[in-house]
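Chemist: Protein chains in written order, with my numbering: chain A, 1 to 490; chain B, 1001 to 1085.
None of these hints come from the bench; they were simulated from the model.
Watch out, some of these pointers could steer you wrong.
[Unchecked claim] Which stretches of chain B does chain A cover? Using the computed rule of at least three CB atoms under 8 Å from a CB of chain A, they are:
no.	segment
1	1019-1027
2	1032-1042
3	1045-1053
[Stated by the list, open to error] Restraint-style ranges between C-beta atoms, simulated for each label pair:
no.	chain 1	residue 1	chain 2	residue 2	range
4	B	Arg1055	A	Leu408	43 to 51 Å
5	A	Tyr480	B	Gly1026	40 to 48 Å
6	B	Val1051	A	Pro241	23 to 31 Å
7	B	His1033	A	Arg483	40 to 48 Å
Cβ coordinates follow ideal geometry from the N, Cα and C atoms, glycine included.
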Amino acid sequence: MRETLRTRMGWLHGWAGFVVGLLAVCIFMTGTLSVFDTEITRWMQPENQVPAYTPLTDTALDAASSLIHEQQVRGVSVFLTLPSARSPTLDVLHYDGRQFVGTLLDPRTGMPIPVRATMGGTFFFSFHYTLLEGTTGTRIVNIAGVILLVAIGSGIVIHIRALVPDIVRLRLSAARLRGWLDAHLLVSVLFLPFTIMIIYTGVLVNAGLILPAIPLANLFVHEKPPTTPASGTKAAPGVPPPLPPLAPLLATARHSLQGRDAGFILFSPDRLSVYASDASGPFLTRDHADFRLPDGRLLGMTTTPGRIAHIMQVMHGLHYARFATPGLRWLYFVSGLCATAMIGSGLVLFLMKRRSRSGHRIGFRVAESLTISTLTGLPVSALAFLWCNRMLPTSMAGRNRMEIGCFLGAWILCAGHASLCTSGRRMNMAWRPQLRLIALLGGGLPVLDALTGSRAVYSLPAIHAAIDGTGLLVAIIVLYIRRRLKGDGE
Amino acid sequence: MIFPATFLLWLMTFSCHVRLHPHRYGFATLAPHGQCMALVGRIAAPAVALVLAARMGGVTGVLMWFSSLSIAGLCIALWLASRRH
Chain A
1 MRETLRTRMG WLHGWAGFVV GLLAVCIFMT GTLSVFDTEI TRWMQPENQV PAYTPLTDTA
61 LDAASSLIHE QQVRGVSVFL TLPSARSPTL DVLHYDGRQF VGTLLDPRTG MPIPVRATMG
121 GTFFFSFHYT LLEGTTGTRI VNIAGVILLV AIGSGIVIHI RALVPDIVRL RLSAARLRGW
181 LDAHLLVSVL FLPFTIMIIY TGVLVNAGLI LPAIPLANLF VHEKPPTTPA SGTKAAPGVP
241 PPLPPLAPLL ATARHSLQGR DAGFILFSPD RLSVYASDAS GPFLTRDHAD FRLPDGRLLG
301 MTTTPGRIAH IMQVMHGLHY ARFATPGLRW LYFVSGLCAT AMIGSGLVLF LMKRRSRSGH
361 RIGFRVAESL TISTLTGLPV SALAFLWCNR MLPTSMAGRN RMEIGCFLGA WILCAGHASL
421 CTSGRRMNMA WRPQLRLIAL LGGGLPVLDA LTGSRAVYSL PAIHAAIDGT GLLVAIIVLY
481 IRRRLKGDGE
Chain B
1001 MIFPATFLLW LMTFSCHVRL HPHRYGFATL APHGQCMALV GRIAAPAVAL VLAARMGGVT
1061 GVLMWFSSLS IAGLCIALWL ASRRH
């Protein structure tokens, strides 16, 4: 057969797509959940029932100041997150090496809100970009993003002739392979702008990790050994002075930040910096107003000028979508789900095309069990994570680590089940029980929520209805897919 | 209200597109006048949707325009598939 560009691209698309696709499904699925990370955290902390848009009082700011000073005296480096439309509490946080932890204060009274320890929605966010492997994980995610862009480019070349005419073509009644191919092409083409935007901006956000920007001149300069400060030059750590009242500083900062709301405050021994909120616009900046301590005199504004800086800010803004209204956030969520479906359907197609020729090979069986444990195992473990949050005792020590353990444990069990059930000829043996489990866990989410957090359901109906409703919808869709998988197809 | 409007305009665009490819999607061929109308609809409706979406601001508008394209396309495809099924 004469090799043409399309057949070569077909090979590249298939193999690059499959190898990276397994990882990409995890990245996309957790990224999609991260769109509502704050809301998931609120669902996972039903004790926090502060309604949105609760006005912030001076009393609460004073209470936060006292708490921050207390922590600083104890040598803990804390920062203050101000209330926003999505998270109405005043949070005094610090980094414990894995996540940001601290005290949530009521924005009306300044009283601490006793909430359960949980990884919350930030778990999905950190999984999305680190794969729980720190900087190495972020590098892997970035490289996967680049390969995924290559796979998308080759896919466009393969399908270029029918790209526009077949844009809404879906033949579910045709042969099974044809149906899957149509479904793959449908979501791929319709959600192509979103997919390219989200992968490109995602790669760019952490591009420095795989392509460090070293000025050429520095390549020819010998690295100097780090200089250690002479003994006695470092100021002795003393007791930090009490903070000035924060309310007037926030008003000044808002004026200096051209009317943008303040998002968080960082503290250093001699100054405090009020940063613009990420929700204030599509340009995700780190503009801040600095105030001298202890008197609170305005030192000035720090902004990042320049065209390249602005482009990077908009790239960050597009990827993180922190400026997005709830409606736009849902559009991100739906687009993320469809992008995940695109990759998932691609994985299934890859296996279906090779089943008759290579179904008996051990490599095929490994690939199949990996696909099943990714496509159904990950939703099972994400739902198990939510169930675990509500089932564990609230006062249990190390419960946030138990949540991660539950997530990973469920995933390992699914992977084990998939590898046991997978044989070259009987793919549905592994799919169907795992789909049933997703339906059970997703459909049971509203019941679990009503039984274990009924007061929160009444006080924050929108958040709970959205998360419980999504669980229910997932259950319905999964049951429909399971019904369509009747018999041992293929 | 802008999203429903852009969504409806994209539904109209895809409907015109489907009627311009009758054999592909299993429809009867349109008369020349109908084809001309469908062509105008396919070009004008997304342009109007873009103008509407741009009223929400540059970045948000473009995101809204593309999202409504994707979701409207998906709805039309599902409707066509169920019709054929």
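Chemist: Checking against the hints above, which ones are violated?
Modeler: Numbers 2, 3, 5 and 6, in rising order.
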